[in-house]
Amino acid sequence: MSSTQSMLELLSPYPPGWGGVLLSGGVSTVMISLGAYFVGTVIGLGGAIGKLKGNRPVLFVLDIYTTAVRAIPELILIIGLYYAGTDGLNRIMLALGLPTIEINGFVAAVAVLGIVQGAYATEVLRGAILAIPVGQIEAASAFGMRPSLRFRRIVLPALMPNALPGLANLWMSVTKDSALIAVVGYQELALATRLAAGNTKHYFLFFLAAAALYLVITLLSNVVFGLLESRFRRGQAKTA
Amino acid sequence: MNFSWIFSYWPLLAAGAVQTVLLLVISVGFGFILGIGLALAQISGPRWLKWVARGYCTCLRGTPLLIQLWLLYYGVGSLLPLVSGLRGSFLWPIVREGFFFAALSFTLNYAAYEAEVLRGALLAVPKGELEAGRSFGMSSWTLLRRIWLPRAIRIALPTIAGEVVLQLKATPLAFTVTVMDLYAVAYKVRQDTLLVYEPLMVVTAFYVFLTLLITRAFKMVEAQVPVRR
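As given, the protein sequences belong to chains A and B, one line each in that order. Under my numbering, the first residue of the first sequence is numbered 890, with each subsequent residue one higher. Under my numbering, the first residue of the second sequence is numbered 233, with each subsequent residue one higher.
Since the hints were derived computationally from the structure, they do not count as laboratory data. Predicted, not measured: the structure shown is a model, and the values here were computed from it. Each statement offered as a hint is correct.
Facing chain A, from chain B, some residues (calculated, C-beta under 10 Å): (1) Gly309; (2) Tyr415; (3) Tyr419; (4) Tyr439.
Quick reminder that beta carbons are idealized off the backbone N, C-alpha and C, glycines included.
With the hints as constraints, model all of the structure from the sequences given.
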């Protein structure tokens, strides 16, 4: 353990080393995050439109959803939804006379994290839509655009620059929240690291390596979101 | 729905609640002080200190709290017995516990987030107020203590309230390192009684109650200072 040589051997991506396990854990972390982010953004878009245009009952339900998700600790939400979700689905299947199904850990993880993300995304997108100057939307209506066309051509491109900083924050938080999935036993980066560390007893080395991988994900995402923002802000006046 | 277990488990639940609140108070209290230092280091420290502080914030905000906690508990924890003399010292009973590592990693993590919030707030304090203080002949320490910091904290209060709630929501992670916090008690109840949802619901209600309490408290503090709109 004293030499750098043995550390490199431990982290090597080929079997006696555990680097491969860590990297594939990292890949599944990114996949879970991407899936959950997509699900969350779709829920968020629906939720934001519902909150702005919906009637009383819709508003009430959405308010409970966003408040509850933001007030309950993520770990409890994830564990609760994980068990309640699989259990509930199987009860429905049973009631319908269908055989029970084993829910894939990946799908469950994406769904659970997506529901959590959706609540935050709802608020981010609602704010972003509200920040669009009313005149632009009225102008589109005056041109006779149907609501769907208006949404696609005017609202969506106009809300993106407003929403991007918030959406970037959400992406950062989903990559880190995905580590909580380790607690329910799906193998992503955090759990893979614990496995490697437990097997080799080199806890410090492996957790440091995992932290470095997460940091790389975060820093790369920073660059990507920076590029995206300058792309979506093209044609806008520069402030200061 | 079966809640009869509460009668036999309430002492454990109460003890768990105390642990949760203790973790929150320790991490927010010490983290805030450390955060002030980090924020000041980023704004007015010498160049090397700026880089250290910025690097610290980037690293701790860029990795999951769970990994930081496990790095400390399993990683540093496995190296601690190698430190000579520690095992015999009075510190050993504290350093051996999961609670110590949970409190330490939550504090370090909270400090990184708080530093970013305070950095923004310190920069947002109107220049004229600082110049006024200086022209009264205040030393930079007096200026910081009487004007710069109080004004910055007041500016940041709504954000700090949000950060404290986020910190509360992070505390259940402590159960992964053997701390018997509120969530760990719910987990134990589930293992003993095979009830899945009821203990989670009770614990959740407590977290939501604490969240409301925190937001109320911060609203009251904010209302102490009249704001001209």
